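Enquirer: Below are the chains, spelled out letter by letter.
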Amino acid sequence: MSYLSGKFRPTERGLILFAAVVLLPVFFLPVFPIWHMHLRAPQYPEGLNLHIYTNTIRGDVDKINTLNHYVGMHAITATDFKEFSYMPQLLTLFGVLALLAGLTGRRWLALVGWLAFTGFAVYMFRDYVLWLYRYGHDLNPRAAIKLQVFTPPVIGFAKMANFKVWSYPGLGTWLLGIAWALGPIALLAERYGRRRAAAGAAVTGAAKA
Amino acid sequence: MKRGSKLGFAVVLVATLGALAAGCVASQGGGAAGSAAQKVYVKPGEKDAYYAFLSGGHHGNIYVYGMPSCRHITTIPVFTPEPAVGYGNDEESKAMLGGFTWGDAHHPGLSETDGDYDGRWLFINDMPNARIARIDLKDFKTKQIFGPIPNISAAHACPFPTPNTEYVFAASRFSVPVPNRDVKVEDYAKDFRGIVAGVKVDPKTGTMSLGFEIMMPPFDWDLSDAGKGPSLGWQFFTCYNSEMAYDSLEIKASQNEMDYFAAVDWRAAQKAVDEGKATMINGAPVLDPAKVTGIAYLIPVPKSPHGVDVDPSGQYVCCSGKLQAEVSVYSFAKIKAAIDAAKFEGEKMGVPTLKFEDCLEAKVPVGLGPLHTQFDNKGNGYTSLFLDSQIAKWKVGPPWNVEDKIDVYYSIGHLMASEGDTRHPTGDYVVALDKLSKDRYLNVGPTHPEAAQLIDLRGPKMELLYDFPTYLEPHYAQMIKAEKLHPITVYPLAENDKPGVIKRAEDARVERKGNRVDVYGLVVRTHFTPDVIKVNEGDEVYFHWTNLEQDDDIAHGFGILWSSKNMQIEPGETKTIHWTADKTGIRPFYCSNFCSALHQEMQGYLEVRPRGTPQAAVQRPDAKTIAEINALLAAR
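If you read the sequences in order, they're chains A and R.
With my numbering, the residue at position 20 of the first sequence is 20, and numbering never jumps.
With my numbering, the residue at position 180 of the second sequence is 180, and numbering never jumps.
Quick caveat, the hints were computed from the structure, so don't treat them as lab data.
It is possible that part of the hints are untrue.
Straight-line distance between alpha carbons at most 27 Å, and here's what the computed DSSO-like set of lysine-lysine pairs gives [claimed, not checked]:
no., chain 1, residue 1, chain 2, residue 2
1, R, K138, A, K63
2, R, K624, A, K146
3, R, K252, R, K190
Taking CB as the label site, the calculated pair distances span [to be verified]:
no., chain 1, residue 1, chain 2, residue 2, range
4, A, Y192, R, N630, 54 to 62 Å
5, A, H38, R, G585, 46 to 54 Å
6, A, H74, R, K204, 43 to 51 Å
7, R, T613, A, W166, 55 to 63 Å
8, A, H74, R, P499, 28 to 36 Å
9, R, E483, A, H38, 26 to 34 Å
10, R, N282, A, Q43, 51 to 59 Å
11, R, E607, A, H38, 44 to 52 Å
Just a few of them, taken from the derived set where beta-carbon distance is under 8 Å, the chain A residues facing chain R [to be verified]:
no., residue
12, D62
13, K63
14, T66
15, Y70
16, A75
17, A144
All values derive from a computational prediction rather than experimental measurement.
C-beta atoms are modelled at their ideal positions from N, C-alpha and C, and glycine is treated no differently.
Chain R extracted, bound-state conformation (with noise of 0.2 Å):
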């Protein structure tokens, strides 16, 4: 009897700890697939240990993600107009914009300070028309758009800021006449010019403005980095088409074995400006190079290179030579002993050409296609491989060796690995994002989405996490940890000093000189005020909305009913739009924004009567009006 339970007792012991031990492998996901899932999931109320911040491409604006759950958060309007916030249509980010409503932004970055994310602001590029935007992350909206940039054409290798963001880049990728002129296209290698662009960041504001302009020869100038560490105050820039093709590029821009990438020494570059060496060219102070020595150099590239990245420790750069299968890796304490042993082969239009031996540290046979690489804090490189549709894995270092490799879905184009083009990446996840997604999502058509995969490094081998679609279309991104980020949730009220605002019922009103009109309103749950205004015919009208309210997300619209006039005022902002009253009759108004239990009942109405009909100087509402809106800020 005794010895029976006992037997029992052990048959139970081994079973229990048979299912506890089963548990364990399902908790910690034996299949591949349960593990992915647990790592990239964060529970609901939970938040994300990311940002990413994914460029829009040609949809002119960018992507903000959460990682690891790859969930899209927002979308900042960066170049493009957005009807919903009315970006591009109240009369502030109209002026921003400049008149265009397409930009083609490619490379965002954030802010450094020591060569680390400092979570201060996010640059980036439109490309085609040489322009680039800052992006305050206090409170994720563009402030500033800086250019078109004289004389620059393309801005693609673009901005790349230095390690403490004194200074932002841009160069042309499809070099044109400087200045621009009546000449023949088959002059090209005649009267074609390259540009490559410092542009200065204020410290204190973030206001860009241009430092100095170097001519550079006519090829095609692609991607940048900075220089950190030991190459602190050099910026590096990628080139193909050292053919000089002007047409048919596809064959004649890939005969040389070398392209080039360029090192700008900025600060030199910057003091020559500051002592007159330059010439104004468009408005911008333009360095040639033949003149002015000591500011840039050549350096020999195989075969068309993509990406130039600079390693963690600031000693080596990377180049990938888009049509061959290597990386070519660089150390930058050779380049500089060469150029301060005058060691030249050469020169292209005055801007001396190293030699390749001279300055090539290593080659690292990754694989086809190599385009861009990122890196972990592991000492390891991480190369996008174009043609092959993988990420290789590399030791940056001796053996140089090649250690990992993971496909991709399809054809990636650059790869952003967390904080991996600092001085001290984290080593995390690395994003793959990848242009072409073909059969991954459900099927929406001939126009397909893009393609981003999130792989985790902190194993031995890298592992796919997760597999999501993007819109049109992420070229590079930038990962930051959410911890470094403090938004703002509204905007405090009592610094809001913007023209046109009023936080006083008693200072609503409707101000007319001639046939403009000024419509100074407040809106607050749930009311216009004014809401009843009256305009003739023929009227301009600028409507200057401040939001009284100070709570989190209680934003509020104006929209005009068969009009485009559209735009969300956030808490404690004042914004201004403009319509012109085109016909005579009634219009209604209504909040576009669902703000609360009485959304429905936000609206107002815009009388306009027959042109010359007498109107006040000064409209305001009546005292009963006043009296119950002031009764309702009383606290203000």
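Just chain A, same shape as in the assembly (with noise of 0.2 Å):
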């Protein structure tokens, strides 16, 4: 309990901190995308882009919903998605979250940011899972081409029909992921400068003794 309560050391105060500064800019003004999806097809070389942001989807939308209405897809619109009405605050949060962590150094308030952030991340990924299950499984019995349901690639590459699907990280999220593994980096390096002061100390007593 004692530790929970007690303070960082600047070092890992900084890293807090650090955490904050990629967190609030990026998620107070959306201009990272989280998710692309790159397709491909024949008459299509120049191919077609999904850019998701925490507040919208951008990109060749209204194209891709026009070529899914031939198999039943439901069209994809930002409006459809109320993620994207509290995901930039949830982030933004996590981002003061880190900033007070960082400025006081208490331990607790970092822990719970921490585990808060990580459970926001599980659970908005395995929303988008579900979305796209949702887009590939619920398709419109009346379509004029009937597909076997599928689910679109959540990362990686897949044919779907005449398209070649690539489906990847955008830049967000490689900054999600640097923030949230400082969490781990912060305490990891505590333990190692405490493990080095406890070393010091014991020379220091040793030259003493």
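Starting from the two chains in their separate frames, assemble the complex, guided by the hints.
Expert: Here is the structure:
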């Protein structure tokens, strides 16, 4: 208990502040996509792109929807995703938590923030997989082309009808990953620092003896 | 043993080097054919370095080619209806054609900034109806047809834009009375007049409007070019028939040793009009050089000239007397000095004439039947020789000698070098635009195609690269580096504010006012909304279709059975077409431009009921249809 109520040293506080620095600007202004989908077909040699941000979807949404209607997929629309109305705010909140934890150095605050952030990330990934599952499974039975239900690739490559599809995380996700990883790194840094201090003390003690 | 292996190695080495050398020669095209083939070969998937715009002559349109592959890429309808895209059939283009269904398109002219092509617009004349069209190179569509220009009779010397596209011009080839009225042809010299018109081009929009007209002697005004550099502000026009014959021109108009070219100071002419010195004739401000001096001068040219071409530096004006064997080169500095010193030989109907010897710089013995000259970036001129069926390459400047000649097939009219009429020709290619093809291609009967040859200018000698047929009848052309053009591929739907546009299925409807019916509809893969339309016999139906697509190359067509009504609607575009419900019964309509996997299903029915059948004032698709279309359009 006393460990949790204690404070981090400046090194760890610096790392946590860095996480805040990464989180805050990215998600105040959602400019970095968190996920990409790239589709190619013989008649689309230049490819079609979907760029998913924390608050919207950009890219060739209309073109993809027009193609998808043949197989009865729901149209992809930004307004369908309630996630877009809370994702930027939540990420900002995690940034503020990291900022506070970094400034105060309170271990418990950092831990709570990191655990909540981890939970959020797991939840959002599951949510994303569910969305993909729904798009590929809830097909309009009146569609002109009847497809077997499918799940578009979450990450990696898949071939679907005449399209090749690549799916991969965007810069936003990489930055989120860095921010998340700074949690364990801070703990490791602290443990390493403590061990060195202990060793230093032992050496000093031995010298005194 | 050792020596043997060394010898063997040497033999192998020599053989390998020999093979390599042979390979080298082969790959560089040791034979002329191989080399030429490589120079015009554009690999599948790759693109040409130049756009070439060839006038369609009495086909009334423009052919677009890629160079150096000489592939015909598209045809831009300009003065003539085009059934596939519905040009001249939809209401907007029909209004632009102004009731004409034919034009004779001669001289394409690209817009310029500082004397070089800027890739904004392409102008072209319709000679017989004295019209000028502007094509926007953002979408390769005809945007304005200006004219018939009042008082102009056969706009042949047209449009030949000025170096900053301030003006395009038109001049009468067949003089008529001005104003045209009840006169005797025998009173030609007394009553007939030529007209030179300066047509202003709005620098932002490209919109043309009449700036000024100048009353000229009734000669046959033929070709034109704009001054540049030191001759900026002047426009030159050749003429034949200074004899003023009105019949048997073949003989009577070929008698004088000298005809003329006119130098027109367009700034002075515009100033005179702005100062109110013009007389209004048929709505045009016409200047009479007998009363307003300092706007036009005549310079003698031997033997019925055709081309008048200003060299890239703007110092020289090169005229080709088609019945002699020389290009007469004039120095603009000498012309200007003679004008400033008022050294005139006489006048023709108020236009002062200068002395031939005062203005001439050189005579270049190019060959028989010189017609038209273009330029490269190394100080050479290239003149087409109609009678010799050749192109002559000559030095612009002392010693003014002919350096090379090449045969073309056959009877070349104009020629066109890459950016060859600008201040900075690229010097890569020249295209011979021949009047006869005769035996050059597979025989297709008595209506022969025209012929064209692509010729390489990059070596010390001209080299024939490719020979290709064209449909009737390119007169002149323009070639611009492909990198200067950036056309759009779809019309942005968000910017579409055309009358009749709708963007949501809820707005799709059929509105009736008396017997006028307006259909506001959507086309998108693969529906018409609405696709069942109820009208009565005798209704005047206006279909306003908006293509909601924003994907490249997904155009839809709208064609009505047993009618001449068809048009193509490009992605993001709204077009209106009018059809009279002429007969009771069912009339299918369909998408006439293959669009997608379910193109065959893209159809609809017009239900034509007898006159007077009660019909709703507004018909809308049912809620289920709207919901279905909206599900598809949700993202828009």
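Enquirer: A separate judgement is required for each hint: does it hold in the structure or not?
Expert: Verification of the hints:
{"no.": "1", "hint": "R/K138 / A/K63", "in the structure": "holds, 22 Å"}
{"no.": "2", "hint": "R/K624 / A/K146", "in the structure": "holds, 21 Å"}
{"no.": "3", "hint": "R/K252 / R/K190", "in the structure": "holds, 18 Å"}
{"no.": "4", "hint": "A/Y192 / R/N630: 54 to 62 Å", "in the structure": "holds, 60 Å"}
{"no.": "5", "hint": "A/H38 / R/G585: 46 to 54 Å", "in the structure": "holds, 51 Å"}
{"no.": "6", "hint": "A/H74 / R/K204: 43 to 51 Å", "in the structure": "holds, 45 Å"}
{"no.": "7", "hint": "R/T613 / A/W166: 55 to 63 Å", "in the structure": "holds, 57 Å"}
{"no.": "8", "hint": "A/H74 / R/P499: 28 to 36 Å", "in the structure": "holds, 34 Å"}
{"no.": "9", "hint": "R/E483 / A/H38: 26 to 34 Å", "in the structure": "holds, 28 Å"}
{"no.": "10", "hint": "R/N282 / A/Q43: 51 to 59 Å", "in the structure": "holds, 54 Å"}
{"no.": "11", "hint": "R/E607 / A/H38: 44 to 52 Å", "in the structure": "holds, 46 Å"}
{"no.": "12", "hint": "D62", "in the structure": "holds, 5 Å"}
{"no.": "13", "hint": "K63", "in the structure": "holds, 5 Å"}
{"no.": "14", "hint": "T66", "in the structure": "holds, 6 Å"}
{"no.": "15", "hint": "Y70", "in the structure": "holds, 6 Å"}
{"no.": "16", "hint": "A75", "in the structure": "holds, 4 Å"}
{"no.": "17", "hint": "A144", "in the structure": "holds, 6 Å"}
The structure agrees with every numbered hint stated previously.
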